[in-house]
Amino acid sequence: MIRRIARAVALTAAFATIVTAAQAASIITLWDFQDYYQDPVTLDWIVTPRYTPSIGSGSWEVQGTAVFDPDQQDYRDPANPLETTSSSDPIHLINEFMGYGLDVDNAPPQGTGNKTAGVRFNVSTVGYENIVVSFDIRHKYRSPRHARVQYTVDGVNWVDSLLFEANNPFEADYWYNGRTVDLSGVPGVADNPLFGFRVVAEFGPSGLYEASKTGATFRQRDLFRFDMVQVSGTVIPEPASLLTLGLGAAGLIGSIRLKRR
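In our numbering, the protein residues as written are 1 to 261.
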């Protein structure tokens, strides 16, 4: 009897463990946009750009009038006291002025190209559900104030999701970290090889692009910089595994109850 109870408890615990593991969020893809290492002789940190994912797989591409600018390294200008923020990239624990991001310039001309210019990220969600996307975004003080997140489930058509608004306190660049969009339960997002999302500049309530700092004038050449772009989700459990464990646990518990009668 004791052995049967122990086996039932163990099997039930295993079932609960698998369910819990399946529900735990995992990083599917992450871009942090650099590689770095410490020189063993000089002890200096060497940082080089990396535009492929550091975790998982995926791709990105500029959208609309946006132009990729590869010549962007320092997140902050140490000589500019108004630049007070950095992204959430862990490299800043080593040196807050080091690192790379994905920098795109060239918004559309004022009054044109609403929700067309920005960056698209393509990530297969096959095998995952409860999809969440997040990113850090830097606004220059004259870049577009409003950034719209859109998603696609067919690789072609875009659906509006959350709209994020900047409000730079100074005439300087400003990071907004951990912008997050929870797409759990959105039809077609989970288990989809064609999933993608993009972040694009959107008109303000005035029907025109508005600058990130209140009172500033929008400037077309400015757009966004991205860092720590991440897609996460929970592993879709194998139905056969869950069924087998569930039936096994139920059978053992039922057997114990019958023995007691």
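FYI, nobody ran anything at the bench for these hints, they're computed from the structure.
Careful, some of the hints might be misleading.
[As the list claims (entries may be wrong)] Label pairs and their calculated CB-CB ranges: (1) T112 <-> E165: 40 to 46 angstroms; (2) V235 <-> P205: 24 to 30 angstroms; (3) P193 <-> E238: 17 to 23 angstroms; (4) S59 <-> D35: 14 to 20 angstroms; (5) H92 <-> P169: 15 to 21 angstroms; (6) L93 <-> E238: 34 to 40 angstroms; (7) F97 <-> V67: 23 to 29 angstroms; (8) S184 <-> V67: 30 to 36 angstroms; (9) L194 <-> V67: 46 to 52 angstroms; (10) P239 <-> G185: 15 to 21 angstroms.
We put the beta carbon where it would ideally sit given N, CA and C, even for glycine.
To test your reading of the hints: which numbers does this structure violate? 1, 2, 9
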